Amino acid sequence: MRTLIALTRTELRLLTREWAAMLFAFAFPALMLVVLAGVFGDLPDPEGFGAAIPSEHYVASYIAIPLGALALVGLPVMLASYRERDVLRRFAAFGVPAGAVVAAQALVSALLVLAGVAVVLLVAAPTYGIPTPADPVTVVAGFVLGTVTMLAIGVALGLAASTARAAQAIGLLAFFPMWLLGGGPPQRVMSGAMVSVADVLPLTHAISAVRDPWLFEGAATGADLLALGVWLTGALVVVGMLLRRRPQ
Amino acid sequence: MTTTMTQPTLATAPPPPPGPEPAIRVEGLRKAYGGRTVLDGLSFEVDPGEIFGILGLNGMGKTTAVEIAQGLRSRDAGSVRVLGLDPERDPARLRPLVGSQLQSSALPERLRVGEALRLFTRLAGDVVDWRALADEWDLTRLRRSAFVSLSGGERQRLFIALALANRPRVVFLDELTQGLDPAARQATWRLVERVRDQGATVVLVTHFMDEAARLCDRLGVLQDGGLIACGTPKELVSAAGGSVRIAFSCERTADLAGLDRVPGVIAVAHDGRHVEIEAQARASVLVAAELARRDLAPPDFTVTAPTLEDVFVSLTQGVAR
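Same order as they appear, the protein sequences are chains A and U.
Counting in this note's numbering, the first sequence runs from 1 upward without gaps.
Counting in this note's numbering, the second sequence runs from 1 upward without gaps.
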């Protein structure tokens with residue numbers, strides 16, 4: 001724990017010097033929220049959005065952008081960069097296991113996700129308003145499980161990628177389809193094939209697990225939480241294997 | 001002193017008297033990457049408090065050997081004990097006792113020198129005060145400098161300081177002076193001597209012969225997976241039995257008559273002004289005595305003994321052939 005705290009504090013300090021690298025995760029969701037929620041407005045659209053007001057749909061969906069961007073791009077690039085530049089070896093030679101550095105990075109990313117969500121809500125509040133969560137406990141549960149799952153997937157990507165450039169390419173390739181299929185247009189306007197693909201992707205379930213109980217009381221989130229649990233288990237198995245096989 | 005002698009000429013030396021328990025004992029170490037065997041039965045011992053150098057051509061497994069000794073790589077076979085502990089099975093107990101400067105490693109680019117020292121001393125349990133460490137290694141003025149802005153010499157100084165942040169009993173230094181200018185190299189050598197003077201055992205991996213000759217109490221030459229020679233720098237040079245070169249000026253060929261019959265002289269060459277004699281090391285005195293007997297005292301009389309570099313090239317190329 002002492003090691004994890006020391007590493008996390010250092011990583012947070014470093015982050016303040018490289019804030020520009022995280023700008024995407026903060027600015028992009030706010031920008032997209034203003035544009036898309038503005039386009040679709042706050043008039044009911046039962047054909048596209050069902051019972052949800054379009055702007056509320058996007059406010060609840062777009063907290064997933066900082067989550068996806070940080071978990072699928074920011075975290076893997078940082079981890080791959082540490083491996084590529086032998087920073088992990090430097091720590092390993094001092095008796096700090098790669099797992100501790102990875103955990104510190106994931107913890108910092110989790111804090112950044114919270115900050116990113118706060119930015120989305122701060123932008124949404126004066127423009128479209130923030131819908132009152134219908135089932136706040138389930139929203140928090142979905143957000144926590146979704147965040148942990150996505151960060152575990154990000155760690156697996158970061159440990160698997162051979163270079164930071166590769167991690168960035170893989171991360172962007174994973175992020176945009178996941179975001180567009182899971183948190184972009186409502187599934188009612190997608191083709192059957194797109195819906196089938198979206199239903200497999202973890203970010204879709206991370207978004208649904210937050211958005212549905214946020215907007216609708218009694219929303220069924222069991223399938224989303226189960227899917228996230230499966231993804232989390234798979235990601236942790238891969239992380240464990242990668243840490244054993246290529247620890248530095 | 002405990003010495004593993006693998007070179008035939010040294011192996012005839014009498015067995016050493018019983019000494020202290022070695023700080024490092026490696027026996028029959030084997031390691032292969034894919035189908036390529038890098039270490040094939042490597043054995044050596046390092047005594048407490050000495051600087052032990054590992055020499056070898058590129059790709060001969062020097063880094064692999066010391067990384068296995070630090071528990072950073074697994075071994076295929078053999079036994080490794082560092083301070084009595086197996087690095088692969090007891091990494092948690094061994095790690096606080098070992099300091100390490102890796103051939104290839106880095107810190108986060110924006111991490112400042114002071115932050116790095118503070119972080120590593122904290123990770124080590126604050127057994128060393130980071131400010132004192134900064135003072136000791138002349139890093140205080142660089143306290144606010146980011147790692148990315150440091151020169152090669154400054155980085156090496158920082159890495160040595162970090163390697164000592166846990167007050168280790170054994171320090172591994174892998175190609176410490178690679179890429180440094182001559183002044184920075186010499187400054188780094190003094191730092192290594194200070195590490196040893198503070199009581200640590202040092203394992204130094206290098207392919208700079210002047211560095212090895214200056215710093216190391218003993219050396220092992222690694223070739224084809226094992227040590228082909230091991231001993232003090234002087235032992236290696238004398239055991240190699242290389243000839244010396246005696247040179248002086250002499251214009252009269254008659255003065256040189258019979259010099260080739262001096263015991264130990266191998267060849268005499270004279271170009272009309274300069275003489276060059278190839279001889280066994282002990283013959284240089286006899287040649288000097290013979291010249292004196294002939295009332296010849298050339299002011300430029302010089303004897304050039306083989307250097308460690310000559311011995312290294314001879315050993316490694318001999319094996320390669």
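It is worth saying that the hints were derived from the structure and are not from the lab.
Every value quoted in this text rests on a predicted model; they were computed, and no experiment measured them.
Don't be surprised by glycine CBs; every beta carbon is placed ideally from N, CA and C.
Each hint should be verified, as a subset may be incorrect.
[Said to hold, decoys possible] Just so you have them, the derived chain U footprint on chain A, three or more residues with Cβ under 8 Å: (1) 2-15; (2) 78-89; (3) 137-146.
[What the hints assert, rightly or not] Listing some non-contacts, in silico: residues in chain U with all C-beta distances to chain A over 10 Å: (4) Asp47; (5) Gln70; (6) Ala77; (7) Glu115; (8) Ala124; (9) Ala146; (10) Ala165; (11) Ala213; (12) Ala288; (13) Asp310.
Hint-by-hint comparison with the structure:
Counting residues of the stretch 2-15 of chain A whose beta-carbon sits less than 8 Å from any beta-carbon of chain U gives 7, enough to reach three: the coverage restraint holds. Counting residues of the stretch 78-89 of chain A whose C-beta lies closer than 8 Å to any C-beta of chain U gives 5; at least three are required, and the coverage claim holds. Given a C-beta distance limit of less than 8 Å, the hint that chain U covers the stretch 137-146 of chain A is violated, as 0 residues qualify and 3 are needed. In this structure Asp47 (chain U) is separated from chain A by more than 10 Å, as the shortest Cβ-Cβ distance comes to about 23 Å.
Listed as a non-interface residue, Gln70 (chain U) fails to keep its Cβ farther than 10 Å from every Cβ of chain A; the least gap is roughly 6 Å. Against the 10 Å criterion, Ala77 (chain U) stays outside the reach of chain A, whose nearest CB is about 20 Å from its own CB. Not every CB of chain A is more than 10 Å from the CB of Glu115 (chain U) (nearest about 6 Å), against its label as outside the interface. The beta carbon of Ala124 (chain U) sits about 7 Å from the closest Cβ of chain A, which is not more than 10 Å, so the claim that it is off the interface is violated.
Here Ala146 (chain U) does not stay apart from chain A, with its beta-carbon only about 8 Å from theirs, under the 10 Å limit. Under the 10 Å C-beta cut-off, the non-interface status given to Ala165 (chain U) relative to chain A is violated; the minimum distance is some 8 Å. At roughly 27 Å, the least C-beta separation between Ala213 (chain U) and chain A is larger than 10 Å, which holds for a residue marked as non-interface. For Ala288 (chain U), the shortest C-beta to C-beta distance to chain A comes to about 52 Å, beyond the 10 Å cut-off, and the non-interface label holds.
Listed as outside the interface, Asp310 (chain U) is consistent with that label: its C-beta sits roughly 34 Å from the nearest C-beta of chain A, beyond the 10 Å cut-off.
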